[in-house]
Amino acid sequence: MNNKLYGNLIFELSKEGRIGYSLPGNNFGNYEIPTSMCRAEDAALPECDELTVVRHYTNLSNNNFGVDTGFYPLGSCTMKYNPKINEEMAALPQFQNLHPEQPAETMKGAEKLISILEHHLCELTGLAHFTFKPYAGAHGELTGLMVIDNYHRSRGDLQRKKVIVPDSAHGTNPASAAVCGLEIIEVKSQADGTVDLEDLKRLVEQEKDNIAAMMMTNPNTLGLFEKSIPEIATLIHDCGGLMYYDGANLNPMLGVCRPGDMGFDVMHINLHKTFSTPHGGGGPGSGPVGVREGLQEFFPFVSPYNGNFAVMMRAFAYILSLGKEYVKKVGPLATLNANYIKESLKDVYELPIDTMCCHEFVFDGLKDKSTGVTTMDVAKRLLDYGYHAPTIYFPLLFHESLMIEPTENESKETLDAFIAVMRKIAEEAKTNPDEVKSAPHNTPIGRVDDVLAAKHPVTTYRQLKAEL
Amino acid sequence: MAKVIEGLYYSESHEYVKVEGNIGIIGITDYAQKALGNVVYVDMPEVDDEVEAGAEFGAVESVKAASDLYSPVSGTVVEVNEALEDAPELINQDAYANWIIKVEMSDESELENLMDAAAYEAFCEKEGH
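Here the protein sequences line up with chains S and Z, keeping their order. 0 is the number of the first residue of the first sequence in numbering that gives the first Met the number 0; add one for each residue after it. 0 is the number of the first residue of the second sequence in numbering that gives the first Met the number 0; add one for each residue after it.
Mixed in with the good hints, there may be bad ones.
Unchecked claim - Calculated pairs, DMTMM-like style, for lysine to aspartate or glutamate (alpha carbon to alpha carbon, straight line, at most 25 Å):
1) Z:K125 with S:D363
2) Z:K125 with S:E349
3) S:K429 with S:D363
4) Z:K33 with S:E349
5) Z:K125 with Z:E109
FYI, nobody ran anything at the bench for these hints, they're computed from the structure.
Just chain Z, with the same shape it has in the complex:
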């Protein structure tokens, strides 16, 4: 069973946001890393890039497929997880500890469009194993 953490916000495209003040810490969920399999490359934006809720901001490549990353919230990128450049497999080890980008959110009300842990768990259940 994929791990889901209480207190985070989840998108239907399997990204999570952890909120710290007005900073959104964005990564992919444990369900997503399991479905992707061994991650071999993470394509990330640069600091100061703008991201838009629902729009693509990068991609995760695994041995199975390349999957676009969609930002759950809008804002400005303030930090990218540089450790993933050399060690993308960190995402497989712990998808929640190894976030991808930190975003200064421009519209915190967007969080309301996302799922909480219980809703996300039910969503994954519906999507299948």
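Bound-form chain S, shown alone:
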């Protein structure tokens, strides 16, 4: 790697007048472009030859970290391996070259694929119908809440505008409810991180006819299975509300139990998480929404097209590759891997809730807090050892949250190596805390100033140049 030169910004590699292409002569005459639509000055584009461009971007890609390069225990994100056969299937030209506006009768194959995928998702979740329009998880949440809102409106139940959300919920839950014009009420967690039934009863009593729905993810954000779901569902249904399942943590339930059987009426699935399609770095996602029989007529119009079709193809390939037999192993193996790491580290990392977890769990920093080494430092130090950092400072229930989700894919050897490094860092925190606090040392870029980056982000080359 020659990061020194080619790792510079593409603008810094630019040489005025350098051109990496030659265009053929114009045989078609000139278009008259109205001056009002012309740029006043040339676009500030870099001028490079093709080889420089290739080296620049290849070097950048070498700095990338993905599940194909190493262990990626980013809690709450389900960074499972994306089998290559998914890519092969999604690249089939018969599908890849479809255009959403081409005549419907020429897209029978795609339609059929979606309908079989819907059948599989219904089987796996216990719900009756899915819409594939939502483009990602939060879009799915919004779509699902619109279903619920439409349902209440259809019955003239117009005052049902409140959504109960646990205080440990993903931030997207209250955000989606707010975008949907609904009001959020928070229900407390008990010491073990699960929903406080007494607090919920109080809220239900208080708000009865105003409750549109309760949103839950199960297992919850601490990776703990909510044991009182049937009671919660009865409480909410009895007062006229619906149960919404946030599919973010569906992975450990895959093949073991189903949201539909637990009393959930509406849910979204993050195909990009549970069904193994590439994600991170902002997409592409896919957030199909499933509903109980009778609610399908309330699907809102959220897009004229069927979401990210290529993501659905990958998810479809994944489901078919696993088959009925192996899909049942996803949840149990994800659960086993997480518990194995948790039990192997809980003597050196603070485990606030010492119980069986599902696919992920949360430490509250190092057990020995006297060294001053924080969760942020541990996460940075992990980069030195070639691991992606876990999720940190989420959930907000603890001050030093460090959330680990290994997924079902990892071998015992990988888990053992990770555990050894985590133990080594805990040891370093005592023997050489400064080394940990100033990490990372072995990455192309060292410890970044995140305060400055948050307060004063420099996001364009022009801005950078202006400030130099």
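Use these hints to put chain Z onto chain S, whose structure you have.
Same frame as chain S, but now just chain Z:
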């Protein structure tokens, strides 16, 4: 150990009120600023806005998280700490000197629902480090 000052009133969501006449000077506690880490932005209401006890009146953003601010008392905002707009880190330097808003209290009896220094110290102890 987080600093707690005698004579102030404290809420469970870690705001304090310092009372001067019928004015409540509201900010976040030292415990809260420590838990949040480096503060990068403070979202404040405007002068003349009404605040309600227990209701959200703004937010503090740190590199770790964004946290809503809840007013410990009801009343009308008479002043906001404009220095925090350019220098939110003042809260990390001294959370008690760098208050967020001043409120003309509409119901001073609400102060009775808040904790005193000793009770707040015990409350933080229970919440953990």
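CA of K125 (chain Z) to CA of D363 (chain S), is that 25 Å or under? The hint holds at about 15 Å.
For K125 (chain Z) and E349 (chain S), compute the direct alpha-carbon distance and say whether it is at most 25 Å. Given that 25 Å is the threshold and the Cα spacing comes to 16 Å, the pair holds.
Starting from K429 (chain S), check that the Cα of D363 (chain S) is at most 25 Å away, please. holds, 17 Å
Quickly compare the C-alpha distance for K125 (chain Z) and E109 (chain Z) to 25 Å and report which way the hint goes. holds, 24 Å
Straight-line alpha-carbon gap K33 (chain Z) to E349 (chain S), limit 25 Å: holds, 19 Å
Consistency note: the structure conflicts with none of the earlier hints.
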